[in-house]
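One-letter residues, chain by chain:
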Amino acid sequence: MNHQRRDALKAGGGLGVLGLLAAAGMIRPELAQAAWNKEAFDAKTMDAAFSAMGAGKPGESADVQITAPDIAENGAVVPVGVVSNLPKTEQIAIMIEKNPNMLAATFTLPEGTAADVQTRVKMGQTSDIYAIVKADGKFYMAKKEVKVTLGGCGG
Amino acid sequence: MASPMRIRAAVKDGVTEVRVLMAHAMETGQRKDSSGAPIPAHFITELNAKHNDKVVLSAQFGPSVSTNPYLAFKFNGGAKGDKLSVSWTDNKGDSRTDEVQVA
Chain W
426 MNHQRRDALK
436 AGGGLGVLGL
446 LAAAGMIRPE
456 LAQAAWNKEA
466 FDAKTMDAAF
476 SAMGAGKPGE
486 SADVQITAPD
496 IAENGAVVPV
506 GVVSNLPKTE
516 QIAIMIEKNP
526 NMLAATFTLP
536 EGTAADVQTR
546 VKMGQTSDIY
556 AIVKADGKFY
566 MAKKEVKVTL
576 GGCGG
Chain D
64 MASPMRIRAA
74 VKDGVTEVRV
84 LMAHAMETGQ
94 RKDSSGAPIP
104 AHFITELNAK
114 HNDKVVLSAQ
124 FGPSVSTNPY
134 LAFKFNGGAK
144 GDKLSVSWTD
154 NKGDSRTDEV
164 QVA
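Going line by line, the protein sequences match chains W and D. Here our numbering is used: the first residue of the first sequence is 426, the next is one more, and so on. Here our numbering is used: the first residue of the second sequence is 64, the next is one more, and so on.
There could be a bad hint or two in this list.
[As the list claims (entries may be wrong)] Pulled a few chain W residues facing chain D out of the computed Cβ check, cut under 7 Å:
hint	residue
1	W461
2	V502
3	P525
4	A529
5	V542
6	T544
7	R545
8	K547
Keep in mind the hints are simulated off the structure, nothing from the lab. If you're wondering where the values come from, they're calculated on a predicted model, not measured in any experiment. Cβ atoms here follow ideal geometry from the backbone N, Cα and C, with glycine treated the same way.
One chain only, chain W, in its complex shape (with noise of 0.2 Å):
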């Protein structure tokens, strides 16, 4: 009885698993994300994602500000706040350092747009915050930690 029960629960999960393939494999429209940067939004390491998005290694620059609470309750909704004080700032990024995947998210700003965005990030656990700011074709940086008390990712 047990053993057909497992037997049975066994043959779900594999059909399951075929099911994820066809979801996350063969129907991707990879056509339709052609400009999302996959190579710095999978990047493992610090250093493979600034080289993916072309910024070298970036100096710290006390014109980059985050805002971020020093202590955050809940890992999966971390306000996070960056604003650039350098003049013609292009490019806005936000990596979490200790994240599975280190990118957050990336802001091109037409001229006209405030060097001043906000959003929320998830945190697996206490970690650096980074900010990398593109102005005038160079790559800054800064960089602030928060504490997590509760991880936002897996669980």
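Put chain D on the given structure of chain W with help from the hints.
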């Protein structure tokens, strides 16, 4: 079809402040369901905001952006009654566009 976004756009002293709350699961692909099978990733990848027909912000998201993503930004210009539209596309090819008038 995804649920509508909530968008607020208000102009003050020549600067328009835009706040957007999207309704999206933003599944990371890291989580597992009760039977242990991974839940496939499903998240917004690209977002564009347009003031009338001019792009004022374009963004790319990864799975680290929180569920029901929130976004706030400011741009110069804009007047009451102007059109502001926000559209996103997710990794499964779903997309949604919503439009409001600048208040």
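Hint-by-hint comparison with the structure:
With a least beta-carbon distance of about 5 Å to chain D, the hint placing W/W461 at the interface is held under the 7 Å criterion. Taking 7 Å as the C-beta cut-off, the interface hint given for W/V502 holds, the closest approach to chain D being about 5 Å. Below 7 Å, beta-carbon pairs count as interface contacts, and W/P525 has one with chain D at about 6 Å; its hint therefore holds. For W/A529, the interface hint holds, the least distance from its beta-carbon to any beta-carbon of chain D being 4 Å, beneath 7 Å.
At about 5 Å, the closest approach between the beta carbon of W/V542 and any beta carbon in chain D falls short of 7 Å, and the interface hint on this residue holds. At about 5 Å, the closest approach between the beta carbon of W/T544 and any beta carbon in chain D falls short of 7 Å, and the interface hint on this residue holds. Interface hint at W/R545: satisfied, since its Cβ lies 4 Å from the closest Cβ of chain D, which is below the 7 Å cut-off. The restraint placing W/K547 at the interface with chain D holds, with a minimum CB-CB distance near 5 Å, inside the 7 Å limit.
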